[in-house]
Amino acid sequence: MTDAALSTTTIRPRADAAEPSVSPWTRALLYALLVAVSFLMLYPLLWMVASSFKPDSEIFTSTGLIPTDPTVDAYRRGWSGLSVSFGWMFFNSLVISLLVVVGNLFSCSMAAYAFTRLRFKGRGFWFTLMLGTLMMPQHAVLIPQYVLFLKLGWVNSILPLAVPKFLAIDAFFIFLMVQFFRGIPRELDEAAIMDGCGPLRIFLKVILPLSTPVLATAAVFSFIWTWDDFFAPLIYLNDIEKYTAQLGLRTFVDSTGTSDWGSLFAMSTLTVLPIFILFILFQRLLIEGIATTGMKR
Amino acid sequence: MVGEGTMSTLGTTERPVAGGRFKFGDSLAGYGFLAPWLVGFFLLTLGPAVASFYLSLTDYSGLGAANWVGAENYVRIATDDPRFWTAMNVTFTFVLLSVPLKLIFALAVAVALNRGLEGLSFFRAIFYLPSLVGGSVAVAVLWRQVFAGDGLLNQALNMLFGFEGPSWISNPSTSLYTLVLLAVWQFGSSMIIFLAGLRQIPQDMYEAASIDGAGKTRQFFKITLPLLTPVIFFNAVILTIDAFKAFTSAFVISDGTGGPIDSTLFYTLYLYQEAFTNFRFGYASALAWVLVLIIAFFTAMSFLTARYWVHYDD
Chain G
63 MTDAALSTTT IRPRADAAEP SVSPWTRALL YALLVAVSFL MLYPLLWMVA SSFKPDSEIF
123 TSTGLIPTDP TVDAYRRGWS GLSVSFGWMF FNSLVISLLV VVGNLFSCSM AAYAFTRLRF
183 KGRGFWFTLM LGTLMMPQHA VLIPQYVLFL KLGWVNSILP LAVPKFLAID AFFIFLMVQF
243 FRGIPRELDE AAIMDGCGPL RIFLKVILPL STPVLATAAV FSFIWTWDDF FAPLIYLNDI
303 EKYTAQLGLR TFVDSTGTSD WGSLFAMSTL TVLPIFILFI LFQRLLIEGI ATTGMKR
Chain F
80 MVGEGTMSTL GTTERPVAGG RFKFGDSLAG YGFLAPWLVG FFLLTLGPAV ASFYLSLTDY
140 SGLGAANWVG AENYVRIATD DPRFWTAMNV TFTFVLLSVP LKLIFALAVA VALNRGLEGL
200 SFFRAIFYLP SLVGGSVAVA VLWRQVFAGD GLLNQALNML FGFEGPSWIS NPSTSLYTLV
260 LLAVWQFGSS MIIFLAGLRQ IPQDMYEAAS IDGAGKTRQF FKITLPLLTP VIFFNAVILT
320 IDAFKAFTSA FVISDGTGGP IDSTLFYTLY LYQEAFTNFR FGYASALAWV LVLIIAFFTA
380 MSFLTARYWV HYDD
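Chains as they are written, first to last, in the numbering used here: chain G, 63 to 359; chain F, 80 to 393.
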């Protein structure tokens, strides 16, 4: 069953259908251009990684990618460059990002299930409102949200960063899941009803198991966007022990100024490393997620 | 297992779904599953949206009472706040430069990649990577170094052309352009959406056009571009909204000041300073609503003008 069901529901781009063939010369020219542009685009990132292994004096004298005398000194200096070790801030980032993943998967899939599979009064009305929140900039609600969390005594804790995600605040993921759930044949629900399943069992036993592609996409994007997020931690976290890696990095820029690029690059490299790894592991999922939904970031 | 169950259901004429007899899908279950979203909607979206409009009519500072000041904040924004106009100027320059450039780049690369070249997925991945990491603090830190006086760019310019470049970041007449470049560098996700759009264009259109003697350029302007207008429209709207909301890069590169001399004072950065540095919650709420209105205006205009240039099948 799953095969048949999955093939109709899995997000897959259509097979490459290219424009009519091009002449060998155009082809060669295109390749040369593409290679040049991609090299130029990636160069700063590669150079950052390379420079994190260079002694400081070399960063300002060498545009090359191979350190003449590779050293991990910069990593050692950077790791303990602030009063709190970067390891601790990475741990904070990891906890927050994982909580957000769980929160988004839990709350958005429930909402999407209600919107696509359950009949109740007012469904269309709430669905329209949900779509409306997709377009609304966060700035409109920023300050009262802050005041609310301040009154609750949540500021300077991870609660303002995690709790809203358990309340399906990222409408984008609801939308993504709605699109996917709609592709799951209703006959499956109906068969389950015949077997005497209620809405909860159908959700858990039919819909969720068939939705691993969209759940994985939502999980990976949730993780990456939370890991990269700077604004919310900047507003809500005050003590350095509670900082995320992004906040730590920015504080590190402040404290070293431009005097120690080596360790800045070392810590920068470490903060993007998890994203690189997720990118390599889930490249297809990420690209298909973007292609099919037009999601942005 | 489903094979049979599904088939029998399909075969019967009486389907449980039909005619509103969706027995178990009662309101209780519906609202039960929707509960987290509903709580979030009222507590974190609708409530705060109303509250923020109310705050924008007060002088609230986070402490003490919120005194009603009427439209004073809005009047001050319009008539007596030079930094607001600076922020508008910076933000509009950024939006009007970065969005078209990003669209052109994304489209050009997508069209090039769509020519049946080998290694499409490789290039696609490479071009997408900057979009994924571009918003991070790490990349902003990198940008600071690359465009510094003794940074990577000037080293390269010096090595290649013997040209001594200025510090692009600390020069107020160039600093904003380094941020535009950073935004354009992240054209990858738009490119992926364009690629998906290009695949939807039927091949026989091109074949028919070449039989009629239309060259590649003509085909691009007469087939590709018109059929792609819905995707261009979609990308343009999303990119514009995103560009208005840009924050991290300007914050990290200018140390949170929007400097040098306010040349990178993005609207969101100004809003942040008013709210969380100066604790003028009332005034910042008014600034927030002005931003919301600007974004709403641009989005509405896009939709209104769409019928004149966006091609739809029917």
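Just so you know, the hints here were simulated from the structure itself, not pulled from any lab data.
Since the model is a prediction, treat every value here as computed from it, not as a measurement.
Ideal placement from N, C-alpha and C gives every residue a C-beta, glycine not left out.
Don't take every hint at face value.
Unchecked claim - Not the full set, but computed from the structure, chain F residues with beta-carbon under 8 Å of chain G:
| hint | residue |
| --- | --- |
| 1 | F112 |
| 2 | F120 |
| 3 | L136 |
| 4 | A204 |
| 5 | L236 |
| 6 | M238 |
| 7 | A315 |
| 8 | A354 |
| 9 | I374 |
Could you work out which of the previously given hints the structure breaks and list their numbers from low to high? 3, 5 and 7
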